[in-house]
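Protein chains in written order, with full-length UniProt numbering: chain A, 1 to 436; chain B, 1 to 436; chain C, 1 to 436; chain D, 1 to 436.
Hints were generated in silico from the structure; no laboratory data involved. Bear in mind the structure is a predicted one, so any value in this text is a computation, not a measurement. There could be a bad hint or two in this list.
Since the list gives no way to pick one copy over another, a pair counts as held whenever it fits inside one copy or between any two copies.
Derived DSBU-like pairs (lysine-lysine); straight-line CA-CA distance at most 30 angstroms [claimed, not checked]:
hint, residue 1, residue 2
1, K361, K374
2, K67, K284
3, K177, K361
4, K177, K374
5, K67, K46
6, K374, K172
7, K69, K82
8, K101, K284
9, K284, K177
10, K46, K374
Protein chains: 4
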Amino acid sequence: MIQRTKLLGSIAATGKRSLSASSRWAEIRDIAELPHRTSPRYQDSKNGDFLTLQWPSRPQNILLTKKNKTPAITESLIEFAKHIHSEYEPINMIVEHHVAKEVHESLPFPVYTTAAPKDKSMPILHDKVDLVSTLGGDGTILHASALFATTKHVPPIISFSMGTLGFLGQWKFEEYKRAFREAYVSGAEVSHGRPALGDVAAPESAETETSDSQSWSSIRGKLMGSNHRARVLLRNRLKVGIFDANGQRLTDDAGTPSQEHGDVYAMNEVIMHRGANPHLTIIKVLINGHFLTEAVADGMIISTPTGSTAYSLSSGGSIVHPLVSSLLLTPICPRSLSFRPLVLPANAQITLRLSEMNRGKEVEVSVDGVRRNKGLGLGMEVRVSGESVRDRGGVWNGGVPSIVRGAAGSDVGGDDHWVGGLNGLLKYNYPFGEGA
Amino acid sequence: MIQRTKLLGSIAATGKRSLSASSRWAEIRDIAELPHRTSPRYQDSKNGDFLTLQWPSRPQNILLTKKNKTPAITESLIEFAKHIHSEYEPINMIVEHHVAKEVHESLPFPVYTTAAPKDKSMPILHDKVDLVSTLGGDGTILHASALFATTKHVPPIISFSMGTLGFLGQWKFEEYKRAFREAYVSGAEVSHGRPALGDVAAPESAETETSDSQSWSSIRGKLMGSNHRARVLLRNRLKVGIFDANGQRLTDDAGTPSQEHGDVYAMNEVIMHRGANPHLTIIKVLINGHFLTEAVADGMIISTPTGSTAYSLSSGGSIVHPLVSSLLLTPICPRSLSFRPLVLPANAQITLRLSEMNRGKEVEVSVDGVRRNKGLGLGMEVRVSGESVRDRGGVWNGGVPSIVRGAAGSDVGGDDHWVGGLNGLLKYNYPFGEGA
Amino acid sequence: MIQRTKLLGSIAATGKRSLSASSRWAEIRDIAELPHRTSPRYQDSKNGDFLTLQWPSRPQNILLTKKNKTPAITESLIEFAKHIHSEYEPINMIVEHHVAKEVHESLPFPVYTTAAPKDKSMPILHDKVDLVSTLGGDGTILHASALFATTKHVPPIISFSMGTLGFLGQWKFEEYKRAFREAYVSGAEVSHGRPALGDVAAPESAETETSDSQSWSSIRGKLMGSNHRARVLLRNRLKVGIFDANGQRLTDDAGTPSQEHGDVYAMNEVIMHRGANPHLTIIKVLINGHFLTEAVADGMIISTPTGSTAYSLSSGGSIVHPLVSSLLLTPICPRSLSFRPLVLPANAQITLRLSEMNRGKEVEVSVDGVRRNKGLGLGMEVRVSGESVRDRGGVWNGGVPSIVRGAAGSDVGGDDHWVGGLNGLLKYNYPFGEGA
Amino acid sequence: MIQRTKLLGSIAATGKRSLSASSRWAEIRDIAELPHRTSPRYQDSKNGDFLTLQWPSRPQNILLTKKNKTPAITESLIEFAKHIHSEYEPINMIVEHHVAKEVHESLPFPVYTTAAPKDKSMPILHDKVDLVSTLGGDGTILHASALFATTKHVPPIISFSMGTLGFLGQWKFEEYKRAFREAYVSGAEVSHGRPALGDVAAPESAETETSDSQSWSSIRGKLMGSNHRARVLLRNRLKVGIFDANGQRLTDDAGTPSQEHGDVYAMNEVIMHRGANPHLTIIKVLINGHFLTEAVADGMIISTPTGSTAYSLSSGGSIVHPLVSSLLLTPICPRSLSFRPLVLPANAQITLRLSEMNRGKEVEVSVDGVRRNKGLGLGMEVRVSGESVRDRGGVWNGGVPSIVRGAAGSDVGGDDHWVGGLNGLLKYNYPFGEGA
Ligand SMILES: NC(=O)C1=CN([C@@H]2O[C@H](COP(=O)(O)OP(=O)(O)OC[C@H]3O[C@@H](n4cnc5c(N)ncnc54)[C@H](O)[C@@H]3O)[C@@H](O)[C@H]2O)C=CC1
Ligand SMILES: NC(=O)C1=CN([C@@H]2O[C@H](COP(=O)(O)OP(=O)(O)OC[C@H]3O[C@@H](n4cnc5c(N)ncnc54)[C@H](O)[C@@H]3O)[C@@H](O)[C@H]2O)C=CC1
Ligand SMILES: NC(=O)C1=CN([C@@H]2O[C@H](COP(=O)(O)OP(=O)(O)OC[C@H]3O[C@@H](n4cnc5c(N)ncnc54)[C@H](O)[C@@H]3O)[C@@H](O)[C@H]2O)C=CC1
Ligand SMILES: NC(=O)C1=CN([C@@H]2O[C@H](COP(=O)(O)OP(=O)(O)OC[C@H]3O[C@@H](n4cnc5c(N)ncnc54)[C@H](O)[C@@H]3O)[C@@H](O)[C@H]2O)C=CC1
């Protein structure tokens, strides 16, 4: 449904040759060969704001994504992959198909990727990936998140900024060794030559058998102990569905529903916009099925708190801390003096419906900066609500688990990075005067 | 500490005579004679957004407050009091001291009020009042809330708008009979001639003995059944403390700490402002003890979501739904192009400190539209955080329990009133064109 | 160069037949047959804010334009045309080509239109039209103005709003008889059976010979006298040129420069916008050749004061009175906390240059809501400055002369209509509260 | 009427002694002894945006003002005064009374100051001062401008910023020698041992006799020639009058009208504000006598373009170039979603009237950051219009003539300093990202 996922490419057509190569060096293998993924648990930390990451056993399948068309970043990815391979063997490196072609000849071990066409490659990623690492800017993180846009179970993501500075990224590439170790061993304790699971009662599923490859003991260097778990910010997403005037769900570009339930998740926002049409768009906005207002505007944004520093900010929205469970409704250039951004409860159901008054005009729909191939016509609508990230049993579940700076036990305040980003990157309340 | 509470007046000096009067008609009695208050319980409703009100036994002590200097409203208060008295006897009517003097001669039954000076009148209200009813606009609701500014346990409030239209009020005075009944009998069921408590396990305290006066059976007319409980919006407040440059808590105007812990609660907001000084104020803002920014501005607002439609709105803040657990940090006329309102988690600790650079200037501090008598000087600070409204056991506790429209069981959407207020009162996104 | 002008249509291909028809009834004639236009003069009025309209001799060629696809408006145009024809004969009615086909069968007299293809039809309109009348909303006025986008000498425009309420229109269709008369006879005085020119010394050109058809005396009814001249608001326009990375002027879609100097005039604004591209655009902004800033945004608007209530308003710009000689520079959704709309002197030269950092992306350019067929690529730029409306000799010249309400001599304040539009249409500072 | 002017002090009481002192060293003399002022002419420059300064004869009476309570600036003033004295003798140095007491002992020549009480000191300054120089920030410039708040004829001002960076100041103190010379000799040409007046026909008044002391020839160093005149930005001011409910002009604090006509001029803005009252203020706004709107707000600002970067900016107003002849109407924290700043023609007459609905509340009025001693009560009003800076004969007259950087003949763009201030001081559109 979304252009970006095209990037996963048509390995079916072109990839055969490399997948059948026999040499381990420079080999591209099919991700289907990998063992099933290991899912971590997330636990409340003492101050209650952030979660801690707890692996039930060693993660083995690492997805590396990167910004495109930037040779320096490709170099860094190769350096990073080699480091992980040498330090954390046995481990499996997954990359996207087009990346596999770019880097496999530079790596002295095989990389895994998807042989399936787009529609089928997303599910297999969801089944296999334990941990994601991104090298690039916010766009690269959004792209990684989009690879998991149809599952509730996004693996933890650790993001390295690379020149292109980003607000969502937390780590500088220079610190990749320590940062990756922190993420990788989080929650592990070695005792009696067997993996210890810290204060977690049991691995997530009883079937999990701790094979050798899953034993923490093989890892060189000191484990960090249960007090030094990686800290996780669970970024809430939006659940987005698109429907025609008869209430029928619209499928993705390939004509098939993009997943079982058909919704996709957005990390930043979904927007409806006039696109190239130089005239105003008229959009009906409903909250929980009740009429709220009719926007006459360039468009409308429904954003997560994470997205509050992206497009919504440019459109005049407030900055909302990612831990405030909420949705933002921000108009884009409304033809009204009295529109004002709203912050709604995360469980509000919002509908944006293309009013009958648009007379044949189409509007564009974009999710996280990726435009839907076909625009929406009269009466069609986008339905949105926040993803709930805790299930009825109180277990954390859903969202984009982003590994952030600051060990859980430390007394370094949880908001540091966010506040730092406001001041350092967004130049929040930047003082007047001659000093830079 | 706050001017408004002066309204409670010096009954000690002037009230003696009336309190000793013996006739029931037109009598003013001391609130101290009343039985201890009955506290309701709040339970999650099915859709999880609003709470339902559950009285363990009949409420008996009703506080009526009203807008001042508006004879029509005084008339309505008398009409309302007579109605309650005739329908819900035995019941006790409490009014503020100055109101007692205004109305007692028009009422054929005694009214209760406080004989104590201000500092001592607030605690006794906290001990005695079961239910509050306000007649007026938002200012009257803010005033009622201010009477409970030093307790965590605000009684439920049912508010009637009276000409002066308000955003916080929910009911029109015309519907006072039905609305009051709904609030009064909420959760009661008559079975076997004894009060039944719906689906609540037990009254809050084992000591509560259901005397005759507490039996629902004496109420004329049909009870509404446990399915028709009054719906409650628990409005989060702010906890506000003021400290000097040495970290010593500043007491109220009387020189004594205004309550055990010394904090006061705000329903709308606390502001720091340059006041009559025509120059900019410099305020350091800290979040969780870390430096966020230095505001050079007219002032700063820290607001609840409830207050997001008050001063914060005028200063450019977003509108935040009262169910979004959060705090707003909104600058007033900042001398900066890059300040933007923030929405922070409700449990964030915010400090506004008067920077050393203000050179002898004082700033004003106001809570919910009431100015603190003394301004703050250099290095003094206001410390704020959101009130938590659920205790560790998951029991709802704290906030201002506001009785809102719509029975819990009905499928009328919970947001109706709020959305209605946006459109009807705030003229949200009011359409261009000639139609009014 | 602009789509809208396509409306003028390919009369060359299809129109021949009707133009050669011989019956006066329902006839379509070639505009080329009409006499050359008569240009009015504009004079300062006493309070200096508005101008007065002064015809040197009777206007004869009236262009009627209307909103498309609205049968009721077509009916009104026919009624209006018949009225003018019967009251002001001899007079010539000009309509656009597609309108001619729609209405000529309903009119008992010929209509004139252009037989030439688009590029040549604009110059001939500029040569022939004495007075323009529009029936529709603001879009219709913008369209009429676009017909004169390549000449400095726009005829006076009198605009009737038709259902679709507009901010730019001044008159309701119901008052068309009086309003048109006011515009038509403005400045005329009958004395001694010959046209008198009020207090104007001489007709614009010595060649003007006052033939019978130009004599005011044939007009039925009272002339209004020199004290009741029509009041004119001279709306300043923008002069817009588009250039490639080498500084070569880009021609319009037909490949030829659209006029002698190649600039087009805009009444509202020119915008650069990301269009359907879901990513940010980077635009360098220069003032008088000096770097001002680099906008990272959806786009940029350069607007006239007239356009300050259109797109610029939606993007957060201030409302600027049309008599403030200035240009507005308003960003659309800038990725910056510190962008703020600027109001610059009308004679400032502004350049919007597509930064090299856009990597192959194109941006859209629109003038007054009409999108240029081709987007702009890297390094291309839009150069804009305000039109000067007074020549060196102090003669008013240029702008869109809009006939506004209120006779010049009356003491009804000049700002009435504008203030009325703010309050009545834009709901400026609309009061809170339940009243509609 | 304004506190700030109190600074001029009561020299009458305390100054006698020094004025009668006989020694030239450290002497304080009465300004009344000085010759009458010399007024320059302003002429259009080629590009039409800025004016050039033309002295008819040598200026002799220089007023030096400075920021208070900043010893380093006092030192600089002494250095500056000594330099002027040694280079430009015969010349007379004027300072404010409190400054005279501070500095006269450090100066080897007399200083002049006013012996009169406040009300009479302003007129004598208006009669005597040829040129003003300020050392400090924007506040110092506003103060200097306030000394001429009751005359149309403000002398040219040359401003040096001193540490405290300002937006209005143009020069750094380091460059004082060159900058002062440029201002001092502007327009002078030496020929035949007699003053030449460049291309100006004649000195302003025929009576002016060119005594020796007025001859340029005595100045050391090269004159700059008529091509290198100092460039002047004529900053438009507001004319502000205050009236009671009966339309009677309110006098200043001393009970006498502050000048012949009673208006005062403002360089930045006039504001009405709730001051220390924590409640909303209701202000009726009229334009040219017609009702515009009723503001329910903290207050209202009427600002010049110069003031558009001061308080109006903080309140959300657009930035208006000082050459755009206009007034800004900017609300302060309006309780409305649909208020928007307006930019009106400079000749608009604006009235701010305290609505009857304010019930006994007073509002504060401030001009350029100086609060009026008494607030305004019900029905009182402030009447404002822009100052016209060109008289009927086209002669420049009025405004605050500010000497700006860039010689008139140079091709350095006129907007440089303003654009530089936006970027360098106001951090206009400051780019996101890690760079400072
Ligand atoms: N988000 C927005 O506000 C957008 C605004 N526009 C505006 O639309 C104009 C083109 O108008 P249409 O072809 O009718 O397009 P449209 O169908 O998109 O309608 C534009 C609206 O703006 C109003 N309008 C136009 N000029 C105005 C003015 N000077 N002052 C006040 N209201 C004005 C019209 O009455 C109409 O309601 C453009 O010049 C641009 O200013 C165009 C696209 C988006
Ligand atoms: N919230 C706000 O922004 C407030 C602003 N002010 C402004 O302060 C002015 C008085 O200045 P001070 O006595 O120094 O008071 P102040 O000590 O409050 O400082 C005002 C600040 O505004 C700057 N400023 C003054 N005029 C300016 C202009 N035209 N353009 C850009 N910056 C300018 C000054 O450099 C200083 O940083 C008033 O005219 C008013 O405009 C006054 C009160 C509040
Ligand atoms: N006018 C605007 O502000 C527009 C913003 N966007 C934003 O761009 C996003 C897509 O990003 P790209 O593909 O990189 O597009 P892009 O190349 O247009 O860059 C978007 C910019 O936004 C930043 N960004 C993205 N997400 C952010 C977040 N959550 N907080 C702070 N900054 C963030 C990126 O670092 C980048 O600088 C969309 O989700 C949308 O939010 C898209 C179009 C226009
Ligand atoms: N510029 C502004 O907007 C100012 C606003 N205020 C607000 O006034 C409040 C005090 O109220 P009053 O004593 O009646 O003062 P007031 O007489 O100044 O009226 C304040 C107005 O705000 C409305 N209001 C109060 N709380 C509201 C809420 N939560 N949502 C929507 N509207 C609300 C009231 O109905 C009234 O119209 C303060 O808490 C503060 O929020 C106070 C001063 C200035």
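Evaluated hints:
1. Proximity of K361 to K374 under the C-alpha cut-off of 30 angstroms is found in both arrangements, the shortest distances being 12 angstroms within a copy and 20 angstroms between copies.
2. Taking the closest pair of Cα atoms, K67 and K284 come within 30 angstroms of each other only across two copies (25 angstroms); inside a single copy the shortest separation is 37 angstroms, beyond that limit.
3. In this assembly of identical chains, K177 and K361 lie within 30 angstroms of each other by CA distance neither inside one copy nor across copies; the values are 52 angstroms within and 37 angstroms between.
4. Taking the shortest Cα distances, K177 and K374 never come within 30 angstroms of each other, neither inside one copy (43 angstroms) nor across copies (49 angstroms).
5. For the identical chains of this complex, K67 and K46 are neighbours neither inside a copy (36 angstroms) nor across copies (46 angstroms), given an alpha-carbon limit of 30 angstroms.
6. Taking the shortest alpha-carbon separations for K374 and K172, neither the intra-copy value of 38 angstroms nor the inter-copy value of 41 angstroms comes in at or below 30 angstroms.
7. Proximity of K69 and K82 under a CA criterion of 30 angstroms is satisfied intra-copy only: 21 angstroms inside one chain copy versus 65 angstroms between copies.
8. For the identical chains of this complex, K101 and K284 are neighbours neither inside a copy (46 angstroms) nor across copies (38 angstroms), given an alpha-carbon limit of 30 angstroms.
9. For a Cα distance limit of 30 angstroms, the shortest separation of K284 from K177 qualifies neither inside one copy, at 50 angstroms, nor across copies, at 37 angstroms.
10. Neither within a single protomer nor between protomers do K46 and K374 lie at most 30 angstroms apart by alpha-carbon distance, with minima of 47 angstroms and 39 angstroms respectively.
In this structure, the earlier hints numbered 3, 4, 5, 6, 8, 9, 10 are contradicted, and the remaining ones agree with it.
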